[in-house]
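Novice: Now for the letters of each chain:
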Amino acid sequence: MFENVIIGQYLPGRSYLHHMDPRAKIAAVVFLIIVIFLVNSWHGYALFGGAAIAVYFLSGVPFRYIRKGMFPVFILVILTFFLHAFFTRDGEVLFSIGMFSFYEEGIRQGLFISLRLLLLVYFTSLLTLTTSPIDLTDALEQMFSPLERFKFPAYDVAMMMSIAIRFIPTLLQETEKIIKAQTARGADFNKGSMRDRMQAFVSLLVPLFVRAFRRAEDLAYAMEARGYNGGEGRTKLRLLVWGWRDTLCCCLIAVFGVILLFLRQ
Amino acid sequence: MDVNFQEVSHVYMQKTPFETLALKNVNAYFRASSVTAVIGRTGSGKSTLVQHINGLLKPSAGVVSVGEHHLEAKTKRKTVKAVRSHVGMVFQYPEHQLFEETVEKDLLFGPKNKGMDVAEIQKKLPELLQQVGLSESLLKRSPFELSGGQMRRVAIAGVLATNPDILILDEPTAGLDPQGQKEILKLFMNWQRTYQPTTIMITHQMEEAAAFAEYMYVMEDAEIKMQGEPETIYAQRKKLQEMDLDIPEQVQVLQQIEQDSGIRFPHYQLSPAEAADYWRRAVQNGGVPRV
Ligand SMILES: Nc1ncnc2c1ncn2[C@@H]1O[C@H](COP(=O)(O)OP(=O)(O)O)[C@@H](O)[C@H]1O
Ligand SMILES: [Mg+2]
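So the sequence lines, in the order shown, correspond to chains X and F.
Quick note: the first sequence, position 233, residue 235 per the working numbering, numbers continuous.
Quick note: the second sequence, position 17, residue 617 per the working numbering, numbers continuous.
Warning: the hint list may mix true and false statements.
Derived DMTMM-like pairs: lysine to aspartate or glutamate, alpha-carbon spacing no greater than 25 Å straight-line [claimed, not checked]:
1. Lys182(X) <-> Asp602(F)
2. Lys179(X) <-> Glu829(F)
3. Lys179(X) <-> Glu771(F)
4. Lys676(F) <-> Asp602(F)
5. Lys182(X) <-> Glu619(F)
6. Lys182(X) <-> Glu701(F)
7. Lys712(F) <-> Glu178(X)
8. Lys705(F) <-> Asp190(X)
9. Lys182(X) <-> Glu823(F)
10. Lys193(X) <-> Glu672(F)
11. Lys615(F) <-> Asp198(X)
12. Lys182(X) <-> Glu771(F)
13. Lys179(X) <-> Asp821(F)
14. Lys676(F) <-> Glu700(F)
15. Lys714(F) <-> Glu176(X)
16. Lys179(X) <-> Glu831(F)
17. Lys658(F) <-> Asp140(X)
18. Lys179(X) <-> Glu858(F)
19. Lys678(F) <-> Asp190(X)
20. Lys179(X) <-> Glu672(F)
21. Lys714(F) <-> Asp140(X)
22. Lys740(F) <-> Glu771(F)
23. Lys676(F) <-> Asp198(X)
24. Lys624(F) <-> Asp190(X)
From the structure, some residues in chain F lie toward chain X, with a derived Cβ separation under 10 Å [as the list claims (entries may be wrong)]:
25. Asn654
26. Glu700
27. Gly749
28. Val759
29. Lys825
30. Arg864
Don't read these hints as lab results, they were simulated from the structure.
A virtual CB, placed ideally from N, CA and C, is assigned to each residue, including glycine.
All chains should be modelled from the sequences, with the hints used to inform the complete structure.
Specialist: Spelled out as structure tokens, the structure:
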């Protein structure tokens with residue numbers, strides 16, 4: 003039933019990107035997202051495209067996974083392209099279809115925005131495809147920990163995130179099990195009147211919630227029984243290690259940013 | 601209704617890196633009104649096998665015939681629904697499927713979905729509750745305020761309420777204490793005797809299978825490795841042990857007595873009292889086996 007859901011879409015591997023420190027990867031992606039909004043020339047986008055291809059080869063992720071991850075965004079991208087193409091009326095008229103005229107500036111803007119969106123989604127998907135969820139939360143926790151001085155509960159937020167991530171597969175399994183059990187009792191989740199389908203849906207949701215609350219309670223007891231009492235002074239089993247790859251990546255990205263600034267029009 | 605598997609294979613998550621072959625060219629036959637046990641260790645494919653019988657899973661290859669219906673990879677949902685109305689399935693931890701406000705409503709969920717005469721069945725609910733060992737006073741209670749054991753019985757009653765022609769039990773006693781396990785098994789045995797559904801019970805405990813199966817399939821690594829009447833299976837202890845299974849202790853004792861004394865028991869389902877009685881009579885006859 004959920005056979006095609008690839009959870010958290012992390013793909014284990016041993017590529018350059020997989021070996022990088024998640025903090026470096028997050029920093030790089032955030033930096034790229036910022037600079038992509040500064041690019042406003044064809045040279046800039048060409049350079050960005052080149053970088054995207056290079057990173058693809060560094061990631062070792064099969065292309066079909068990237069395509070699958072980006073497919074839903076395509077619809078959004080095409081929509082934004084046409085919005086811009088229709089409504090921007092600057093520069094020369096390139097061509098007209100019926101009552102619509104397409105202006106040079108409109109097409110240009112549309113293409114730029116589409117490219118920005120695509121590249122943005124591309125880099126973030128590579129981040130989640132090559133970083134395990136646990137590494138991601140660990141990294142986020144460390145990157146946000148300076149904010150604890152301002153009462154931002156970085157540790158607790160990270161703990162909540164990792165628990166949530168840990169239980170996604172369990173919840174999916176549970177959902178599948180209950181759907182099967184209710185289907186065996188004749189419930190129909192796909193066909194039938196609105197009323198029947200509502201009923202089927204309730205027969206799934208109620209047990210799911212009951213079990214989730216029960217499990218949350220059990221987990222809370224189990225954690226307390228093992229001495230958990232919040233983040234204060236807790237040490238980590240898995241330490242994040244900053245290596246040469248990370249330094250190299252950060253340097254390259256900085257150089258990349260500077261070049262892009264020069265290519266601005 | 602009988603059930604027939606012909607060269608059935610099933611692959612989970614086909615065409616992904618997580619592809620698993622869970623059934624490999626399985627052939628099996630379940631005679632109408634018979635009781636069959638499917639045994640094998642966890643992950644051997646038992647649940648996958650039985651979920652083909654009511655179309656929860658479709659074969660990747662092969663055909664599953666249920667009565668006169670045939671289920672294949674491309675079978676239409678209409679056929680699947682027709683088959684489903686004949687099949688009752690008790691899952692592992694069936695109490696997780698309870699959701700209605702009252703026990704009564706939950707018991708009627710199946711019959712209502714399967715288009716049965718709800719008023720008629722409602723009248724029979726007190727009797728049904730009694731058959732699963734509960735008092736009829738529970739009908740108006742919420743299923744969530746019952747004890748674990750009571751919840752399980754209500755869930756089982758919810759499946760039996762449709763009086764299925766084919767009854768599938770997927771480790772229905774998991775997580776119960778030995779006394780509870782015995783009671784639940786007994787409940788199913790009584791039900792089977794009264795209504796005669798084709799019954800298929802999954803278990804990884806030989807003792808349970810031995811208690812009421814007339815035929816057994818032993819699964820291992822997506823395949824059926826052994827099949828036959830319990831006696832035939834018990835005769836191949838070595839092979840069973842290789843699959844982390846063993847013959848029931850009770851049978852081991854009887855076999856040991858046979859080996860040492862030369863007495864032959866008629867079958868291995870004898871209760872301790874029957875076995876002792878049989879042995880005494882055999883000794884009185886000078887050790888000559890006599891039925
Ligand atoms: N929904 C599923 N998705 C993917 N693989 C599954 C699923 N259900 C079972 N499997 C796999 O199929 C094999 C057989 O499982 P199952 O039929 O549940 O065995 P059993 O009931 O004998 O314990 C196992 O290897 C299991 O991991
Ligand atoms: Mg199972």
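Novice: Each hint needs a verdict: does it hold in this structure or not?
Specialist: Here is what the structure says about each hint:
no.: 1; hint: Lys182(X) <-> Asp602(F); in the structure: holds, 22 Å
no.: 2; hint: Lys179(X) <-> Glu829(F); in the structure: violated, 32 Å
no.: 3; hint: Lys179(X) <-> Glu771(F); in the structure: holds, 14 Å
no.: 4; hint: Lys676(F) <-> Asp602(F); in the structure: holds, 21 Å
no.: 5; hint: Lys182(X) <-> Glu619(F); in the structure: holds, 20 Å
no.: 6; hint: Lys182(X) <-> Glu701(F); in the structure: holds, 21 Å
no.: 7; hint: Lys712(F) <-> Glu178(X); in the structure: holds, 22 Å
no.: 8; hint: Lys705(F) <-> Asp190(X); in the structure: holds, 17 Å
no.: 9; hint: Lys182(X) <-> Glu823(F); in the structure: holds, 23 Å
no.: 10; hint: Lys193(X) <-> Glu672(F); in the structure: holds, 20 Å
no.: 11; hint: Lys615(F) <-> Asp198(X); in the structure: violated, 34 Å
no.: 12; hint: Lys182(X) <-> Glu771(F); in the structure: holds, 15 Å
no.: 13; hint: Lys179(X) <-> Asp821(F); in the structure: holds, 22 Å
no.: 14; hint: Lys676(F) <-> Glu700(F); in the structure: violated, 30 Å
no.: 15; hint: Lys714(F) <-> Glu176(X); in the structure: holds, 24 Å
no.: 16; hint: Lys179(X) <-> Glu831(F); in the structure: violated, 35 Å
no.: 17; hint: Lys658(F) <-> Asp140(X); in the structure: violated, 41 Å
no.: 18; hint: Lys179(X) <-> Glu858(F); in the structure: violated, 46 Å
no.: 19; hint: Lys678(F) <-> Asp190(X); in the structure: holds, 12 Å
no.: 20; hint: Lys179(X) <-> Glu672(F); in the structure: holds, 22 Å
no.: 21; hint: Lys714(F) <-> Asp140(X); in the structure: violated, 50 Å
no.: 22; hint: Lys740(F) <-> Glu771(F); in the structure: violated, 28 Å
no.: 23; hint: Lys676(F) <-> Asp198(X); in the structure: holds, 20 Å
no.: 24; hint: Lys624(F) <-> Asp190(X); in the structure: violated, 29 Å
no.: 25; hint: Asn654; in the structure: holds, 6 Å
no.: 26; hint: Glu700; in the structure: holds, 8 Å
no.: 27; hint: Gly749; in the structure: violated, 17 Å
no.: 28; hint: Val759; in the structure: holds, 7 Å
no.: 29; hint: Lys825; in the structure: violated, 26 Å
no.: 30; hint: Arg864; in the structure: violated, 43 Å
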